[in-house]
Amino acid sequence: MAAVTQDTAIRTGRITRTFIYLVLVLFALFYLLPLYVMVANSLKPLGEITGGNMMALPGTWTIEPWLAAWSTAQIGVEPTGLKPYFLNSILMVVPAVAISTVLGALNGYVLTKWRFPGDNILFGLMLFSCFIPFQIVLIPMATILGKMGLAGSIPGLVLVHVVYGIGFTTLYYRNYYAAFPTELVRAAMIDGAGFFRIFWRILLPVSGPITVVSVIWQFTNIWNDFLFGASFGGQSQPMTVALNNLVQSSTGVKEYNVHFAGAILAALPTLLVYVVAGRYFVRGLMAGSVKG
Amino acid sequence: MSTDAMSTQVTDTDLRTRLQDWIPKLVLSPSVAMMVVFVYGFILYTVYLSFSGSRMLPSYDLIGLANYTRLWGLSAWWTAVINLAIFASLYIAICTAIGLTLAILLDQKIRGEGMLRPIYLYPMALSFIVTGTAWKWFLDPGIGLENTMHLWGWESFEFGWIKDRNMAIYTIVIAAVWQTSGFVMAMFLAGLRGIDNEILKAAQIDGASNWNLYRRIVIPLLRPAFLSAFVILAHLAVKSYDLVIALTGGGPGRATELPATFMYSYTFTRNQMGTGAASAVIMLMTIAAIMMPYLYAELKEKK
Numbered sequence: 001m002a003a004v005t006q007d008t009a010i011r012t013g014r015i016t017r018t019f020i021y022l023v024l025v026l027f028a029l030f031y032l033l034p035l036y037v038m039v040a041n042s043l044k045p046l047g048e049i050t051g052g053n054m055m056a057l058p059g060t061w062t063i064e065p066w067l068a069a070w071s072t073a074q075i076g077v078e079p080t081g082l083k084p085y086f087l088n089s090i091l092m093v094v095p096a097v098a099i100s101t102v103l104g105a106l107n108g109y110v111l112t113k114w115r116f117p118g119d120n121i122l123f124g125l126m127l128f129s130c131f132i133p134f135q136i137v138l139i140p141m142a143t144i145l146g147k148m149g150l151a152g153s154i155p156g157l158v159l160v161h162v163v164y165g166i167g168f169t170t171l172y173y174r175n176y177y178a179a180f181p182t183e184l185v186r187a188a189m190i191d192g193a194g195f196f197r198i199f200w201r202i203l204l205p206v207s208g209p210i211t212v213v214s215v216i217w218q219f220t221n222i223w224n225d226f227l228f229g230a231s232f233g234g235q236s237q238p239m240t241v242a243l244n245n246l247v248q249s250s251t252g253v254k255e256y257n258v259h260f261a262g263a264i265l266a267a268l269p270t271l272l273v274y275v276v277a278g279r280y281f282v283r284g285l286m287a288g289s290v291k292g
Numbered sequence: 001m002s003t004d005a006m007s008t009q010v011t012d013t014d015l016r017t018r019l020q021d022w023i024p025k026l027v028l029s030p031s032v033a034m035m036v037v038f039v040y041g042f043i044l045y046t047v048y049l050s051f052s053g054s055r056m057l058p059s060y061d062l063i064g065l066a067n068y069t070r071l072w073g074l075s076a077w078w079t080a081v082i083n084l085a086i087f088a089s090l091y092i093a094i095c096t097a098i099g100l101t102l103a104i105l106l107d108q109k110i111r112g113e114g115m116l117r118p119i120y121l122y123p124m125a126l127s128f129i130v131t132g133t134a135w136k137w138f139l140d141p142g143i144g145l146e147n148t149m150h151l152w153g154w155e156s157f158e159f160g161w162i163k164d165r166n167m168a169i170y171t172i173v174i175a176a177v178w179q180t181s182g183f184v185m186a187m188f189l190a191g192l193r194g195i196d197n198e199i200l201k202a203a204q205i206d207g208a209s210n211w212n213l214y215r216r217i218v219i220p221l222l223r224p225a226f227l228s229a230f231v232i233l234a235h236l237a238v239k240s241y242d243l244v245i246a247l248t249g250g251g252p253g254r255a256t257e258l259p260a261t262f263m264y265s266y267t268f269t270r271n272q273m274g275t276g277a278a279s280a281v282i283m284l285m286t287i288a289a290i291m292m293p294y295l296y297a298e299l300k301e302k303k
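Chains as they are written, first to last, in the numbering used here: chain A, 1 to 292; chain B, 1 to 303.
Derived lysine-lysine pairs resembling DSSO-like cross-links, with alpha carbons at most 30 Å apart:
id, chain 1, residue 1, chain 2, residue 2
1, B, Lys-163, B, Lys-239
2, B, Lys-300, B, Lys-25
3, B, Lys-300, B, Lys-239
4, B, Lys-25, A, Lys-147
5, A, Lys-147, B, Lys-239
6, A, Lys-254, B, Lys-163
Which stretches of chain A does chain B cover? Using the computed rule of at least three CB atoms under 8 Å from a CB of chain B, they are:
id, segment
7, 28–41
8, 47–55
9, 97–107
10, 118–124
11, 127–141
12, 213–225
Calculated directly from the structure, the hints in this document are not laboratory data. The beta-carbon is built from N, C-alpha and C at its ideal position, and this holds for glycine as well.
Taking the hints into account, I'd like the entire structure generated from these sequences.
What follows is the structure in structure tokens.
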């Protein structure tokens, strides 16, 4: 046991190590607990929740709450379930992620390989736009979307998410391309390759990892957004807004099991991405704290 | 597309180079245009509205600082600001403490680190609405933790913070810490992994105890990670909106209103757009005061 610790400079005794494991496991339970409660209770009949223990496993297992959350639960005034909103979220997320990632890649390319005076200031301004409290743009955005005829529509939401997403995607690609040898780009230029050919042939082939980071980050952020969806969603509300409507509805019996199932449905896509590509997600998070 | 241009105009190198000069700027221009209009233009517009008498719809009659004086005279705004102060300081302090502790413990060559780390971090992948929903029921005395403890035989256990005006704000801290502390752990862990082991070994030969090693050497070396964590957490705190909506809806009463929820309700449900705009401007200035020096230093460093 002790041998495991030898190649770090810090040495710890057996009792200390037991204590360390204890603390680490307790924290793991703390993080897992809410997820466990949600999953366990989404598989119970309602009576078992109101009359029973939330920590207990279901006595009678049922997927009824999941079916109800998906297709029949009352969202606002319509008993449509979350299905149409799930679709809205997909229709919003896919183009928004694609467009913001493509623009971010091109911006990063220009800002590192085709530098011009003032490019750093431009980048700084773009970067700051990622961190603004979005309350500052809500009023004019509502006006403009209305004038453009995009209020309450999916294209409107796509526009909003592209606009406030390119700061991050540009940041990712800029920092990534900055590490790419500029000499190679110069050599290609001398050989007569143009702007797009260099991008397509030289930079794009090595951009796999950062593209995964950017896509995952944008997907998670846009899928999880609530403020823009609630403000500009109108008839095309995304999943998060629908979930909130489902949970906060004050009419009728509170169907906790359906709420839990709905919450997991809303979380499933991003959780899935996290399980499959968690490493890239963490990389995106870290790069999002600017330290590249 | 550029190949066509090339083959037809090989001789005209002058035109070609000039075109090549313009392409990068042309490619950048849609993003710059969007940024100028939708970010900085909109900020200026909201600043303008904050000096105007806008109510339900934007109006352009300037009324000076009236919105700001009105705002700072509102008890609801003061509640929101004080709540933010409580929430932000506890949130930042607890996240940093948990994050640092977990990172240091995980850095002791732990078996199963590969399993623990993703568990600490997964809440970051969830929407605040989902987190809020989960914690809302978990903290509900009727079906949640309190009820569970009663069923397990601890009859006197009480945990009704979420229904208590004076304590509800702390439930928001709990849920927010749950969501982001794993991320702070990851930031510190990256910092720890970046520290040269030789420095530590040298200190150990000099007879430093583990405690002193961390206190005197490791933690000071983590200063950049502390700074990043502070900036990220502070800006998340100021922007917190979804979590409050999902967890308490700003209640009980107005007990958990934050500036972000205040701005929304004053602008869109109470038709006090001028006052709402003023509160948004104050939020922006708070974040700018935190982010600008940080971003400036980061960008300068990179050069």
